[in-house]
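Model the full structure from these sequences, guided by the hints.
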Amino acid sequence: MPVKTDAIGKQWPASTYEVGLEKIREYANAIGASNPVHHDRETAKSAGFRDVVAPPMFCVVYSSPAVGPAVLDPEVGINLATMLHGSQEFVWGEPVCVNDQITTTATCKEIYEKDGMGFYVFGSVSTNQDGAEVVRGTWTNIVRGVS
Amino acid sequence: MKTGGSSASPAEPPRIDLKPGESIPELKVTPDRYLPHRYAGASGDFNPIHIDKEFATAVGLPSNILHGLWMMAQVARANAQLADGDPRALKRLSIQFRGMGFPEQELVVSGTIKRVDGDRVVVDTVAAQGDNQVIRNAEAELELP
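Chains as they are written, first to last, in the numbering used here: chain C, 7 to 153; chain W, 38 to 182.
If you're looking for bench data, these hints aren't it; they were derived computationally from the structure.
Keep in mind that a hint or two might mislead.
Here chain W is said to cover these stretches of chain C; the calculated rule only asks that three of the stretch's residues, wherever they fall, bring their Cβ under 8 Å from a Cβ of chain W [stated by the list, open to error]: (1) 36-43; (2) 58-66; (3) 90-100; (4) 117-124.
In this text, a Cβ means the ideal position worked out from N, Cα and C, and glycines have one as well.
Here it is, written out as C-alpha cells:
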C-alpha cells in the first residue's frame, strides 16, 4: 500500500507546557546531567539564568504533547507497529527555565516513499511566554514495508 | 535574555585543543537495568518496547531497548562537555538513529571536531555499544563562551 500524502502541510493545535522544578531535576537525573544549574536555584541564578535551567534535550518533554498527536493522527496514517525513529534535529534558542510556559506547534513537513519505506517528517516550533523561540525540531519517522 | 554570567570555577580544567581533526573527550555511561523505566517516567515515553522485556521479545526484539532520545541526550552531554556542561553552548544537534541500544551495556560517545569558525565549533559524533553504532552522522554545533 503506497503512502498517503494528504497530511503534508497539516498543522495541529498548539499545546502549552508549564515547566516545573522537580520535572527538570527528574529529567536531568535520568540522563545524567549533573551540572548544578539543572538542580540548584542559587547556582543557576549565579550562572546568569532566571531560575533552574533545563538541559537542552528536555525539549523532548515539552514538545511531545504537540508532536505525539501529529504522529498518531489517522490522517497521517503511520503504522506504529513498524515505525522506527529515523533521525532527529533540534536547533536551540533561548534557555528554558522553571515556570516558563512553552507553547509548541507541530506540522507535517514531508511524507514520501523510498526503497519500500515511508518517511514521515514533522516539524515543531516551541516558544516561551515572551514569544522567544526556544527550540525548533525536525522529527523523521520511518515506516517499514509500505509497498 | 538574562544570561552572560560567569560559571568559572577556581580550578579550570585545561581547555580542549579546538582544532579540526582533534577528538573530544569520550563520554562513557552504562545504563542500568532500570534506567529505561526512570527515563520513561522523566520523558513520558512509556512505549513497552523500552520497559517490558517480555513484550519486546514477543515483537521480535532481542530484549527491551533503550529510548533513542535518551541516547541522543548522551550525545548532547558529550558535546556540552566542551563548555563544561553549560546548557547555553549547544545550538544545534542533528543525528541519525542507526541501531538499537540495550540496558546494561556500556555506551561510548566519541567525537571529532569538524570545523571551527570563531566561537562556533562543529563536532561529528558517534555513539556505540561495542561494535554496534547506535547513533551515526551526529553533528553538533556549539557556541563556546
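Q | Hint numbers not upheld by this structure, sorted from lowest to highest | A | 4
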